[in-house]
Structures are given as C-alpha cells and as structure tokens.
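Peer 1: Counting in the numbering used here, the first sequence tops out at residue 289, every number present.
Where hints are given, some of them may not hold.
Pair by pair, the computed Cβ-Cβ distance ranges are [unchecked claim]:
#1 273 - 19: 37 to 45 Å
#2 164 - 38: 41 to 49 Å
#3 75 - 158: 23 to 31 Å
#4 171 - 30: 29 to 37 Å
#5 253 - 100: 25 to 33 Å
#6 84 - 167: 47 to 55 Å
#7 263 - 164: 29 to 37 Å
Cross-link-like lysine-lysine pairs, in silico, DSS-like; alpha carbons within 25 Å at most [unchecked claim]:
#8 226 - 15
#9 155 - 212
#10 41 - 13
Just so you know, the hints here were simulated from the structure itself, not pulled from any lab data. The beta carbon of each residue, even a glycine, is placed where N, CA and C say it ideally should be.
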Amino acid sequence: MPELPEVETIARKLKPHLLGKMIMEADVRWARTLAFPNPRKFKSQIKGQEIKDVTRRAKFFIMQLSDYSLLIHLRMSGDLLIKDSKIKPEKHDRLILKLQSAKSSAPEDPSNLVHAAALRRASLVFNDTRKFGRVWLVSDAAEVLGRLGPEPFSKKFTPKWLHTALHSKHRQIKPLLLDQTFLAGLGNIYTDESLNVAKVHPLMISDAVTVKQAEALHNAIRNVLKEGIRRNGASFDWVYRGGEFQNYFRVYDRAGKPCPTCGTNIERILVGQRSTHFCPNCQTISFVS
DNA sequence: CACGTCACCTGCGTGC
DNA sequence: TGCACGCAGGTGACGT
1 MPELPEVETI ARKLKPHLLG KMIMEADVRW ARTLAFPNPR KFKSQIKGQE
51 IKDVTRRAKF FIMQLSDYSL LIHLRMSGDL LIKDSKIKPE KHDRLILKLQ
101 SAKSSAPEDP SNLVHAAALR RASLVFNDTR KFGRVWLVSD AAEVLGRLGP
151 EPFSKKFTPK WLHTALHSKH RQIKPLLLDQ TFLAGLGNIY TDESLNVAKV
201 HPLMISDAVT VKQAEALHNA IRNVLKEGIR RNGASFDWVY RGGEFQNYFR
251 VYDRAGKPCP TCGTNIERIL VGQRSTHFCP NCQTISFVS
C-alpha cells in the first residue's frame with residue numbers, strides 16, 4: 001500500500017495519540033515481522049519505553065523512544081491503527097503495542113484510524129495481510145535508514161541536484177525513481193503520476209533527461225506528493241481506509257481510459273516487473289536505449 | 001553497474 | 001460453485 005503520502009498521513013494522524021505514552025507490553029503475533037531484534041529481546045527492550053516523537057523518513061514510520069528508535073516499514077499491505085486493548089486481535093494483526101493510559105485526553109479524531117473508545121486503553125496495532133512489513137528496534141536509526149536517498153521535500157532535492165543525479169546514472173528513469181537509495185519515498189503510483197505530469201516517458205534513459213525536463217520532473221514530484229498528502233493518500237480495496245487520492249489518478253490504474261490532458265488512451269506496460277501507466281501522446285521518447 | 005528473475009505472502013477479481 | 005490464474009501500493013538476494 002504505502003508510499004510517502006500514505007505513511008506521512010498515518011504518522012500525522014497517530015502522532016497526537018502516541019506522544020508521551022509509555023509502551024507497557026508488546027504482543028508479537030508473527031515473529032518474522034521483527035527484522036531486529038528477536039522477539040525475546042524486542043519485548044524486554046521496548047517495555048517501559050516512552051514515545052518521545054513520531055516521524056517519517058522515506059516510507060518508514062518512526063517512533064523515537066526513550067532509548068531506542070522503532071522503525072516500521074509497511075511494504076505492500078501494512079497498516080497502523082490505534083485500537084482499544086480490550087478488542088480481540090484480528091486475523092492479520094502482526095504486532096500489538098499496549099500503551100499506558102493517557103495522562104491528558106488527546107484530541108478527538110473523526111477519521112476511522114482512531115476509534116474514540118480506544119483512547120482510554122489504547123494499543124498501537126500493526127496489521128499486515130501479506131506479511132511483507134518489517135519492524136526494527138535499534139539504538140541508532142541510521143543502521144536502517146543509512147543508505148536512503150534524499151527526501152523529496154528536503155533542501156537537498158533541487159532541480160539541479162536531480163539533473164546531476166540523473167546524469168550520474170545510465171538507467172531507465174522509472175526504475176531509478178523507484179530506487180530508494182536514489183530518491184526516497186516514491187512508489188509505483190506516485191512515480192507514474194509524476195512522470196505523466198512532467199511529460200517524461202517511463203523508459204527514458206536517465207542521462208538523456210534535459211535541464212528543462214529535470215525541472216519539470218522536480219516540480220511534478222513535489223506537487224504530486226503534496227496532493228497525495230492533501231488527500232490523505234490513496235486507498236485501495238480493503239487496505240488503508242480514509243484516503244481520497246485514488247479518485248484523482250491521471251494515469252495509474254487507468255489503462256484504456258483517456259489522458260486528462262489530451263484524451264489519448266492511457267497505456268499499461270511492464271517496466272522492471274512493475275505495472276507502468278503513461279500517456280503515449282504526452283510522454284514521448286525519441287529513443288529507448 | 002544495470003538489468004532480469006525469483007522469493008517473500010495473502011486475498012480478490014476474472015474467466016472457464 | 002469450483003478452480004486456475006493473474007494481479008496487487010515493496011524490497012532484497014541472486015545471476016548474467
């Protein structure tokens with residue numbers, strides 16, 4: 001499910017309900033959810049830790065604890081929600097962190113991420129149907145995040161940086177944008193959307209991108225991600241409720257439907273085993289390799 | 001270094 | 001109805 005806007009949305013919604021709470025107990029319901037450390041150490045180390053901050057880096061949800069960083073990657077089907085500890089765990093709940101009761105009442109959240117009744121005996125629940133998601137409890141977050149590329153909203157990410165970086169490689173641009181060590185946070189949806197807005201063909205070779213195209217792409221990436229966040233991310237099927245961005249896709253999942261710019265039918269191709277959607281009229285390419 | 005393939009998992013929609 | 005198949009928002013380990 002989650003790319004940068006979905007994780008950002010989850011972090012923003014959960015933050016007020018988590019700050020200052022103490023983690024009383026961890027229920028590890030699927031051991032391999034823990035990338036590090038093993039369940040025994042995880043349980044003993046996380047017990048009694050206070051949640052000092054809730055943030056995001058790339059597609060990682062991060063909780064800064066008293067002595068550790070807790071990192072959660074939702075991969076394809078993960079979700080985080082706050083539930084009443086009294087409610088029976090669901091089939092796909094993989095990790096449950098029981099929280100200390102609130103000292104002060106957190107603001108009411110009308111969305112379905114947080115059930116009002118849960119606020120008194122709250123648990124943070126990691127639900128993950130496909131079991132791809134992973135959790136790390138480490139002393140230094142850089143152990144996990146060290147190789148990530150820049151954040152799209154950081155100062156480092158400029159049109160000039162993007163142009164230079166694209167020219168330092170000789171790769172198809174779509175798989176390169178999906179590479180988290182190149183740029184952090186884009187996934188299949190937002191990459192297709194950004195390339196369409198920038199009018200760049202997904203198979204274009206990175207070092208052929210012009211300065212103007214790099215500027216357009218830089219703009220498109222920021223604007224598309226911003227719109228995704230503004231619409232609380234994209235929701236699909238039964239996974240991740242509450243987002244609206246799926247109603248505003250220009251190309252993603254729209255094969256055979258008209259391009260919003262020119263009306264040409266959107267095409268779907270495979271690029272590096274990933275479904276790729278683009279407008280063959282707006283996103284032209286003079287050569288492929 | 002760039003790219004293809006497979007693996008990790010479950011569940012849903014489609015077509016026979 | 002049953003069943004096989006293809007598909008899904010991500011990443012990492014291989015081999016060429």
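Peer 1: Run the structure past the numbered hints and jot down the numbers of the failing ones, going up.
Peer 2: 5 and 10
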